[in-house]
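These protein sequence lines map, in sequence, to chains A and B.
The opening position of the first sequence corresponds to residue 1283 in the working numbering, with each subsequent residue numbered one higher.
The opening position of the second sequence corresponds to residue 1283 in the working numbering, with each subsequent residue numbered one higher.
Hints may be right or wrong, so weigh each one.
Pairs count within a copy or across copies, as identical chains cannot be separated in the list.
[To be verified] Subject to a maximum C-alpha distance of 25 Å in a straight line, what follows is the list of computed SDA-like cross-link-like pairs (lysine to any residue):
#	residue 1	residue 2
1	1525	1341
2	1525	1547
3	1555	1608
4	1555	1344
5	1525	1548
6	1346	1477
Treat the hints as calculated values from the structure; they're not laboratory data.
2 protein chains.
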Amino acid sequence: MTEQTLPSTGREWHLAARPQGWPVPEDFALVEAPVQAPAAGQILVRNEYLSVDPYMRGRMNDVKSYVPPFRLGAVMDGGAVGRVVASAAKGFAVGDAVLHGLGWREYATLDADKAIRVDDALPLQSYLGVLGMTGLTAYAGLLEVGGFQPGEAVFVSGAAGAVGSMVGQIAKLRGASLVVGSAGSDEKVRMLTEELGFDVAFNYRNGPVAEQLAKAAPEGIDVYFDNVGGEHLEAAIGALRLKGRAVLCGAIAQYNDTTPPVGPRNLALAIGKRLRLEGMLVGDHYALQPAFVAEVGGWMAEGRLVFEETVVEGFDRTVEAFLGLLRGANTGKMLVRVDG
Amino acid sequence: MTEQTLPSTGREWHLAARPQGWPVPEDFALVEAPVQAPAAGQILVRNEYLSVDPYMRGRMNDVKSYVPPFRLGAVMDGGAVGRVVASAAKGFAVGDAVLHGLGWREYATLDADKAIRVDDALPLQSYLGVLGMTGLTAYAGLLEVGGFQPGEAVFVSGAAGAVGSMVGQIAKLRGASLVVGSAGSDEKVRMLTEELGFDVAFNYRNGPVAEQLAKAAPEGIDVYFDNVGGEHLEAAIGALRLKGRAVLCGAIAQYNDTTPPVGPRNLALAIGKRLRLEGMLVGDHYALQPAFVAEVGGWMAEGRLVFEETVVEGFDRTVEAFLGLLRGANTGKMLVRVDG
Chain A
1283 MTEQTLPSTG REWHLAARPQ GWPVPEDFAL VEAPVQAPAA GQILVRNEYL
1333 SVDPYMRGRM NDVKSYVPPF RLGAVMDGGA VGRVVASAAK GFAVGDAVLH
1383 GLGWREYATL DADKAIRVDD ALPLQSYLGV LGMTGLTAYA GLLEVGGFQP
1433 GEAVFVSGAA GAVGSMVGQI AKLRGASLVV GSAGSDEKVR MLTEELGFDV
1483 AFNYRNGPVA EQLAKAAPEG IDVYFDNVGG EHLEAAIGAL RLKGRAVLCG
1533 AIAQYNDTTP PVGPRNLALA IGKRLRLEGM LVGDHYALQP AFVAEVGGWM
1583 AEGRLVFEET VVEGFDRTVE AFLGLLRGAN TGKMLVRVDG
Chain B
1283 MTEQTLPSTG REWHLAARPQ GWPVPEDFAL VEAPVQAPAA GQILVRNEYL
1333 SVDPYMRGRM NDVKSYVPPF RLGAVMDGGA VGRVVASAAK GFAVGDAVLH
1383 GLGWREYATL DADKAIRVDD ALPLQSYLGV LGMTGLTAYA GLLEVGGFQP
1433 GEAVFVSGAA GAVGSMVGQI AKLRGASLVV GSAGSDEKVR MLTEELGFDV
1483 AFNYRNGPVA EQLAKAAPEG IDVYFDNVGG EHLEAAIGAL RLKGRAVLCG
1533 AIAQYNDTTP PVGPRNLALA IGKRLRLEGM LVGDHYALQP AFVAEVGGWM
1583 AEGRLVFEET VVEGFDRTVE AFLGLLRGAN TGKMLVRVDG
């Protein structure tokens, strides 16, 4: 084990209460906890960036799901990147940059086989976004689940978000005939068309989604990438052409609902149009990782891909970052810089 | 052209008005029309059996769809079997049994290449059902769209209908671990388990579908074959297991609604469970026809497949048969015997 002066305690965010509807700061507790020295085969990591993601809201509920819920009174989890500060594991040295799943804490002690060493020639936080789960979700969802083909028209909701902004850009780079995005502010809408290369974008707060989508894509769409659910999904079902596909990736519009949302009333259109609606979790698509890194990494190197991020500075503001994400306060990937 | 004494007129059913909600007898008109002698390349067929099908209700509305609407004041269409009574086409002789698409009339004059000669060793009406579109819909929907695999659990709504009763039996014959069906009367429910080999069946009028389905399939289902839409689809989304599939084939529960139906409020479950919902029309699956006829014909020959039919006797009762179908008055395939 490589030795250096290590802190005896670090801060971590615990789940203090299960939210009813929208989470509030009181649902979380900032706790000072002992830092565990790494046992054989383990490493101790000082986290530099933490990811906050919409799926975390679902894990705060105590419901049976295919991702286990966060435990009450225990530390939250999530994607994180940082550097090894102590190692009792072969192949990991102090200073190595790693990606792992023990976020929401300053220091993480974990089995080395649960960490992935990453190349720090790129900004570390890109492994939480464009080259990480976010990017792979967009890539696999559009291409593998959505079966996107060059020349097709694509609509993305939550298009200014981390996943949505990647979906639209990948679609353009792969030869879409039309890319339409929706977002929740005029500023985001401007960013979509002026910086990210979307053909058309609209603010869903400015009028019914179905009407705005019909104007944006009067001939219809072939693929809908759904980050939102609700009214957006219904509008997309109406706009999808024969054999269109809807990729169900998120439903952030309804994560905090305490009553069941309204389902798409026009779902029977799927029969005549032979639509396919399919849910996805990125974990099913890790086999695509090499192709994804090669293609997206190439676009990054060529400067053809804009990666937006919103960085909240300071570990103590992690909850603020998460709550902001749920309200749509971010543009692109929402991150916390631990030392901000 | 082979000559024989031909009638100068025949009866046909016209669409007299577009129904608002449930069709009524006044929406149809029985008309006496001249019988057209076949031109070169044509045949004249005396129809023996007519098919009435749920999809016809959709075609009565004047809405843009991928199947054109019936024209007001013109004769209705639909599957029919009959015998050639005059032929001006090579390869078709008087007395030949044929399957074609000009139903809702006693006599049909049509291009011979629009007719399919059928083997009359089997009852002619089986080409409108078990060996026709009905059977192929069930076969292609379960196997090709639904991706059913031996050992999986299947739920079928409208299970006593023409398509539903085939789906359940094909699933059992192909090795399903569990086949559950729903129907709208206790008598139909009994028929499903006692005659058609369903493992469990329930009457959806006897209580919430979700509760009855949870009792029937406490461990969940892998494939849902939807003939009904509405509450059934929502219940099935709740019961589908990881990577489950819903085949959207019909939505008879809502064909006569004048207000939009309620969509499945739990559709966001499709994300975590990675469900696939896919609409189908049988016309996309004609390539499966040879495999279908071989396998289903084999089961028929071995007496392993029960084919239920409800035959309404008499051409003048065609509308009665169709309206009865929409109310669920049939068990299995609903047919009209022209000469009844």
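Here is how each hint holds up against the structure:
{"no.": "1", "hint": "1525 - 1341", "result": "between (33 Å within a copy, 20 Å between copies)"}
{"no.": "2", "hint": "1525 - 1547", "result": "both (19 Å within a copy, 23 Å between copies)"}
{"no.": "3", "hint": "1555 - 1608", "result": "between (33 Å within a copy, 22 Å between copies)"}
{"no.": "4", "hint": "1555 - 1344", "result": "between (38 Å within a copy, 17 Å between copies)"}
{"no.": "5", "hint": "1525 - 1548", "result": "both (16 Å within a copy, 23 Å between copies)"}
{"no.": "6", "hint": "1346 - 1477", "result": "neither (41 Å within a copy, 37 Å between copies)"}
Hint 6 from the list above is the single one not met by this structure.
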